[in-house]
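Chain A is already provided as a structure; the job is to place chain B on it using the hints.
Below are the chains, spelled out letter by letter.
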Amino acid sequence: MTQERNTTEPGAETNARLTQTYRELAHERVPDHLDRAVLQAAAKAARPRYSRLRSWTRPMAWAATVMLSVALVLQISDVPGPESIIFDDAARKFEAQVPQPEARSDAPGESADAVVLEEAAATAPIRSLNDVSDAPRVVAPASPAAKQVIQEPLQEKRRRSELRQDSLDTKEPAAPATPADSFTLRDADMLRRADEMARTQSGENKEPALPSSRDRAGTLSATAMGFEAPACDETATKSPESWLECIAGLEEAGLHDEAQQQRQLLQETFPDFQPR
Amino acid sequence: MVANAQIMAPMELRLSRSVRLAYAPTMDTAPEDSALMLRYRDGDVAAFETLYERHKDALYRYLLRLCRHRDQAEDIFQEVWGKIIKARDAYRPTAKFTTFLYRVAHNCFIDHIRRNKRHTQTIDIEPDSQPDSGEQPEVQTERSLARRRLNAALLELPDEQRDVFLLHEEAGLDLEQIASITGSNRETTKSRLRYAVRKLRIAIDEPVRTP
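In order, the protein sequence lines correspond to chains A and B.
The first sequence: position 215 = 215 (the numbering used here), numbered continuously.
Going from the second sequence to the numbering used here is simple: count from 1 and add 1000.
With the rest of the complex left out, here is chain A:
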C-alpha cells in the first residue's frame, strides 16, 4: 500500500528503495510483557458495569447481615427470662394483697407476713425495669418455691382470721354446713348484721386487722357455711317480737337448727307469748 502511494509521488523509484530499506530496518516487535499488560487492561475494562455493580452489592450485603444480626440479638436480650417472670408473678400477687401501713402497725402479730411481703417488694423494681420495653411478656408457670412464698402468707392469714372469728363466736357450737350454692346477697347482708350483733354482744368493736377484700369474702363464705352461726343477742331477746324477727332471720338464712333452738328459748322465756 505504501509502495503504491510512493509510486504516484516524485522520485518514486528512489522512495521505493528507501521504503524497502526502512522495512528491512524496522522489524521490531512488541515485547510479550507489553502484550499481556495491554490485553489484561482491555479485558478488565470490558466488564466494568458488572464489576461496578458487584463492588457495592457485596459490602451492602455484609452490612445488612450484620445489622440484622445485631437487631436480632438486641430483640432476644429484651425478652424477660424465667427468673424475672417469677419475680413478676410474686410482685403482682404482692400488689394484690399489700396492706395499708397503718393497719399493719395495728397488727403486731403479723411480723412474719411483713418479712415475706418485704421480700416480695424487693423484687418489684426488677419487674418495673423489665416493663419499660414493649416486648410481649411470656407468662410461665411459677416454680414450687415461688408458689410457696406466695401461698404461705395467705394460708397463715386465713388461719388467723378463722381463729379470730372463733374467738368472736358465741358459746353455741357451730351449725352444720349448708350448701354454698344457696348463698345470696340478701343472705350475706343478713349474716353481716348478725355478725355485728354478735360482736356487740361480746363487746368487741375492733375491726379485724387487714380487712382485705379477699379475707372479707372468705369470712362471708365461712359464715354462709355455718362455721360461725350467729345467735340472737340481748337486744333482740329483750322483746318477743324482736326475738321472733331474729329467728325469722335465722330461718331465712337456712340456719333452721339455730332457729329452732332460739324458738325454744323464746317459748321458755316468754311462755305467754303467742306468735301471730
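To be clear, the hints were calculated from the coordinates, so they are not data collected in a lab.
Where a beta carbon is used, it is the ideal one built from N, C-alpha and C, also for glycine.
Honestly, I wouldn't trust all of these hints.
One side only, chain B facing chain A, incomplete, derived with CB under 7 Å [what the hints assert, rightly or not]: (1) D1057; (2) A1146; (3) E1169; (4) I1204.
Coordinates of chain B only, in the frame set by chain A:
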C-alpha cells in the same frame, strides 16, 4: 405506485438491518477497525485483540523511533492503548481508526516531551539484526550498511520531520491525515516529509555513489 412500495419495503428493511448491524463482519472481508472498536465497546474483548494485533507492531516501531529510547517507547505504548481502552465508550467511527490511534500516540509523545524537558538522546535500538536472506555476501553487506546509515540518518532528523516520515511509513497515512494528527496544514506536512525523504535518501545512496 404499489410496485414502488413493494420494492421500497425490503430496501427499508435492508437499510435498517445494515444500520443495526453496522459493525457485523462480512463473509468476504475482515472487519474494519471501526467495527472492531464498536464491538469492543459492547464488551467483545476478542474484537479488541484483533484490533491490537493489527496495529501493535507498527505503533511500537513508530514510538520506538520517535522516542529513540526503548523504555520510554514502551511506557508511551502502554499509555496509548490505555487511552484507547478508556475512550471506547466515547468512540464514534467518524474518522479512520488509524488516524484516531496515531493522534493519541502523537499527543502522548508530545506530553512525554513536555514532562521530560531533557529529551534523551539515548539510542538503544539495534539497527541490524536482519536474518540471513541467502543473498551474496557483497549484497548483504551493502544492505546492512544501508540500514545502518538509514537508522543513523533517521535518528538525526528533527522531531517534526521524523514524526511525519514515520507516520507516512509506519501508519501508511496520507498528507491530510498526517496534517490532521500533527496539527499542521497540508503544505507544511508535505514540506517536512520532502525534507525527511531527501535526507534519508542521500544517507542510503551515499555508499552506492561512493566507489
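Against the structure, the hints:
1. At its closest, the beta carbon of D1057 (chain B) sits 5 Å from a beta carbon of chain A; the interface hint therefore holds under the 7 Å criterion.
2. The restraint placing A1146 (chain B) at the interface with chain A holds, with a minimum CB-CB distance near 5 Å, inside the 7 Å limit.
3. Nearest Cβ of chain A to the Cβ of E1169 (chain B): about 6 Å, under the 7 Å cut. The hint holds.
4. Because the closest C-beta pair between I1204 (chain B) and chain A is about 5 Å apart, less than 7 Å, the hint holds.
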